[in-house]
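Undergrad: Next come the chains, spelled out residue by residue.
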Amino acid sequence: MTPALHLFLIVSAALFCIGLLAALSRRHAIFILIGIEMMLAAANLNFIAFWRFGPQPQPPTGVMVAIFSIAIAAAEAAVGLALVIAVYRHYRTTNVDQLNRLKG
Amino acid sequence: MNSVAFILIAILTLAAALAAASLPKLIHAALSFAVTFVGVAAFFFLLGAEFVGLVQVFVYIGAVAVLIVFTILLTRRDVGKNRGFNWGGVAIAIAVFGGLIWAILKTQPLSIAAPPIEALTVKRIGEVLMTSYVWPLQCVGLVLTAALIGALILVMNEER
Amino acid sequence: MSGDVVDQIFIRAKQWLLSWLAGAPDWIIQITSSLLNIFALLGVFLTLFALISVLERKILGRMQNRYGPNRVGPFGLFQPIADGIKMLIKEDIVPARADKIVHFLAPILIAATAILALGVIPYGRNMTPFAIDGGILFFFAVGSTTELAVFMAGWGSNNKFSMLGAMRAIAQMVSYELPLIITTLPVVMVAGALSPDVIVTAQAGYSFGFVPHWFVTTPWGAAAFVLFFVSGLVESNRTPFDVPEGESEIVAGHMTEYSGFKYATFFMAEYIGMFAISGLAVTLFLGGWHAPVRVLQFIPSYIWFFAKLSALLFVYIWLRGTLPRTRIDHIMNFAWKFMLPMAFTCIFAAAVWHYMGRGLAGWLCSLAVIGIVYIALSILLDTRKRFATRTYRFAE
Amino acid sequence: MTAWTVNNVWLIPAAPLAASFVILSLANSRRKSAAALAVIGQVAALTLSIFAFATTLQAPGYRAFHNFTWFTFGENALRIGWVLDPLAAAMLVMIALVGLCIFIFSIGYMAEDKDFTRFFAYLSFFSAAMLGVVIANSLLLLFVCWELVGLASYLLIGFWIHKPSAAAAAKKAFITTRIGDMGFFLGILWLYSGSGTLLFYDNGRGCLESAGLLALGASATFVALLIFCGAVGKSGQFPLHVWLPDAMEGPTPVSALIHAATMVAAGVFLVARVYPLFSFGAIDGVTPSLTVVVSIGVITALMASLIALAQFDIKRILAYSTVSQLGLMMVSLGVGGVAAGMMHLIAHGFFKALLFLGAGSVIHGTHHEHDIRKMGGLRSLMPVTFLTFAIGMMNLSGVPFFFSGGWTKEEILHATARWPTSRLPHYLMFAGVVLTALYMTRQMIYVFFGNRRPASEQLHSYLNGETPHFGVALLIQPILFVSLAFVAAGIGLGFVVYRHAGLQDRHRAAETDPFESAQPILFRFLGNKMWLDELYANTVIAFSKLAARISDWMDRNVWDGLVRALGGLGQLLGIFTTNFDERGINTGVDETTAGTRGLGRVMSGWHSGQIQTYLGAVAVGMLALLILYAWLT
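Residue numbers (numbering that gives the first Met the number 0), protein chains in the order written: chain A, 0 to 103; chain B, 0 to 159; chain C, 0 to 395; chain D, 0 to 632.
Certain hints may be false.
What the hints assert, rightly or not - Below, simulated PhoX-like cross-link-like pairs (lysine-lysine); rule was C-alpha separation at most 25 Å, straight line: (1) D/Lys113 - D/Lys162; (2) D/Lys162 - D/Lys373; (3) B/Lys24 - C/Lys159; (4) C/Lys99 - C/Lys85; (5) D/Lys113 - D/Lys170; (6) B/Lys24 - C/Lys99.
Claimed, not checked - Ranges of calculated distance between the beta carbons of each label pair, as one might list FRET restraints: (7) B/Ala112 - C/Val210: 52 to 60 Å; (8) A/Asp96 - D/Leu624: 26 to 34 Å; (9) D/Leu624 - B/Ala112: 27 to 35 Å; (10) A/Asp96 - C/Gly42: 53 to 61 Å; (11) B/Pro108 - D/Leu624: 17 to 25 Å; (12) D/Phe20 - C/Tyr373: 39 to 47 Å; (13) B/Leu141 - C/Tyr373: 28 to 36 Å; (14) A/Asn94 - D/Met621: 20 to 28 Å; (15) B/Pro115 - A/Tyr90: 54 to 62 Å; (16) C/Val250 - D/Leu624: 55 to 63 Å; (17) C/Phe129 - B/Gly97: 37 to 45 Å; (18) C/Ala81 - A/Asn94: 52 to 60 Å.
Because the hints were derived from the structure by calculation, they are not lab data.
Ideal Cβ positions, reconstructed from N, Cα and C, are used throughout, including at glycine.
Work the whole structure out from these sequences, hints included.
TA: Here's what the structure looks like:
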């Protein structure tokens, strides 16, 4: 007997918001990436949960989306971290507060 | 038993996530991040998607966490500094959390129990992946290749 | 059916033990069953670790024309016990500026993952402790955690040797994880499953009664096995790929700042990782617990498994006694320029073999594919400076 | 053979095009290969053109075309193709031949330029595009090639990109012609919407054939006028002629090729090509659109001749002369003398190229001196150039009998004389002819007669000091060739004209000469002058001196004042437009800009550059959506 769907959704929402918190509050660029990965993981959790609690049998669409999403997240992490390294090399900082060249 | 497992995993995951978001030392946060993803993988196991759980562990612990750790090493001079914390972000995150919880609890049809399912074998995933989802699979492969090359080019030495 | 009785004796024993719990809630039985598996696993492999640690020293001693440990107990067999006691009573030193938690957690994590990886290997007929559908994936998922543990050890020690050692270790492990995983793919493809049990089952049967249907008997299987074994050597940081802990360069690498029992744990984790990789190699390529010849099938399956495992472990030790340490850049070049293309070639060769009907023609074509790529790579990678005069550079 | 020629007309432009691309891919140092390739491409085009020309001679009114589908959209197919008729064939031969001469000339002229290969790539490209214009059987294909011609001309005029004046001239040429092309394009669109086809000839369904014209109906006039806009731009007709004199900033071979022989002729060719559109619904050979053509042509011809009189730049005089001759051709087309106009076009192509090459030779010899006031007495220093230039000048002036220019001008004047609407163009064109002779004589005298002035002295010392190098010889050869070619062509054309005229107008056969019958006194005067030219060199000098004095007087008193008056008019217009610009347009634009800038400043304030602020904004947006969702359900 698995707990009901909304419990999973609440956990996923909490994970999402913690990720959001990390992405919004921390100064270090890597934290932002960590936060984004957490948000993605929360989304994956939702996909899987909705697949599991959807009417059965059905094609494992949620699982597929989660797999693809993990792959994309890996790509995103690779590029993001490469960016962090490149930015660090160039500006000698990974503090996003100091990276405000886009300031209007 | 599943409920017990659920509660344990939830506590583990969320605690690790909070730690990852708030620990002052970047390296601790990165390790907590890994634990968070183990927790999420455990959730996947609990939900019957073992393959995804394994992939999650494999990709996040084996690749992403190691990448993060390497990035931390390569930008080490910066790690000790910038302990700044933006409380506005906390407020926004809490507000979003409130909104999400409210929306979840408000929607009644969500509190349903899980229907019984046949086990999602790797074979079935493979079959679906190679039939209905073969194009997305190719696209993801392309995206990964592009990301790999892009990341390599990004971290190549800047020609000055 | 006496053979069957012996073959299944451990299964029967476990069922007998569990029958004591008849009537208890389902989850209690499950947990008990798991605990029994874990204890059995730990018992077997810790014993094996103790045995191997002394045997390795003895074998190395033979190879170096000297005696190994022969003072403690008969033939020195109690040496591991003495070592254990020595390790336990040593002072546990934690550097003052170390990251204490990380420093503490690293050996635990590394040992835990190594032992976890042992769980999915089928040791005999019906003898898989943790039989899941994606067993191979589980093995690698868990195995990849080792890198994090190594990093934790390096970082937590707050020591430059540790850090450098950890970085070397991670770099080479990440690089060799790719060929390691890719060489398993042909097997997974041909067997059509990620489950070790299914893979072992797929290798049952014999041609002419004496050529087993092990994957190592196919050209791609043989090539993949060699690649897998080399990658396994690197993954378990064994000679000739032991640069992460090369004593002459960086003391003991990420283990520099560990002493006493924590060091022993690292040591144990390394050996258990070696067992796990060898066990997986046996499962994937050497037919798992299947007997090599039909007439020898009466011997219990687990004995075959451990015989093969021992053979591989002997090769590990043999290599350690034979080969010098490789330079780190050579290791990396080898991984990306040779191992990876060859691993991909194995996939292709397996596909050729499969789609040509798994017969003799397929066998030959597969061999041709591998041979062509191997020769091409050999020519391409030949730097033509192999025997150049060595130039010595001194600090000036 | 015939079928092969028709089906493979596309090879004519393809040969130089291929040469162009190959040259472009060559290294900058491969000069010889570049020149050889360009010449080979051009020779191939010329050979094929001659075949094509021979093909069209088979039967009078020969016309063959080959159409194919370019692409389909929906149910419609856009078809393009090529056509081979006498008009195209004559143009092909002219372009290929003149082009070849100029290519050879350029080898010497550009010998010391560092971008030699680029120059030849551009030249070949230009040649290909121009040949493409000529063979096009679709207005669309023609337009495409037309624009390519424009591009090539832009590249060639601005060839010396390091010279700001050249860059400016290139831009000016490009933009000015683009203004005309805008009208051209609108005309194409209108034509397509009206007739549903852009093919000229398509077995009765083309837009120049009865069905297409009937489908167009009354709008044919407007379509024709819009297409004429393109011709006005390309052929340097009033009021879009301004780019042409500036375009002389390009290398002289370019001036000869583009601005004398070929490109500017494209406009005239275009009018001739779509002549059925112009003449559709004509009453007695007069349509509103043709009247516009005549008016524009008359204004252009006269104005340019007048301006030419007041110029001192050797190439500018020729440029204005070109403008005026193009005006003359337009007039001819407008009054119905298509054949005469085209003949003049071809003859003009030859002798104007000759004149430009001669001018190039002079410029080259005097070390890039353009001012005719600094030249003089070059007759003895550059005898061959003098001779050829004189031949060209006599052609341009319209010396009869031995020179094609005389025949064609006579034909044009005859055509204008028979225009039913008004005799005015006839008299004005006559004045134009006189003016042409006047300014050319002026130029001759300045450059080749009289005392040696500084630039000539320089040349003198140069010729005495060193042996003439390869380049000079190479410069002279094509000039000689062209002059011979068109002397022959002049006689041949005279024959054709007269046969043609005789066929066209039988009742006139009794008259001695059409020109003479129209203007006997002037005819005799011109004729006498030219006889003198030919037979008594000394009297030429005397006459030239007289003419020089006359022109000098005219320059000082008449044309100068006229030009000044025109200039004043222009200034007045300028003041008016300036005010309009400043008060009306600029203020409006300024206000708009200020508003945009202010808005931008406000909005840029919202961009903190902090990625987390943006992320936070996204999160707040998500929250807002959540609230909206909750509110709606």
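Undergrad: Does the structure break any of the earlier hints, and which numbers would those be?
TA: none
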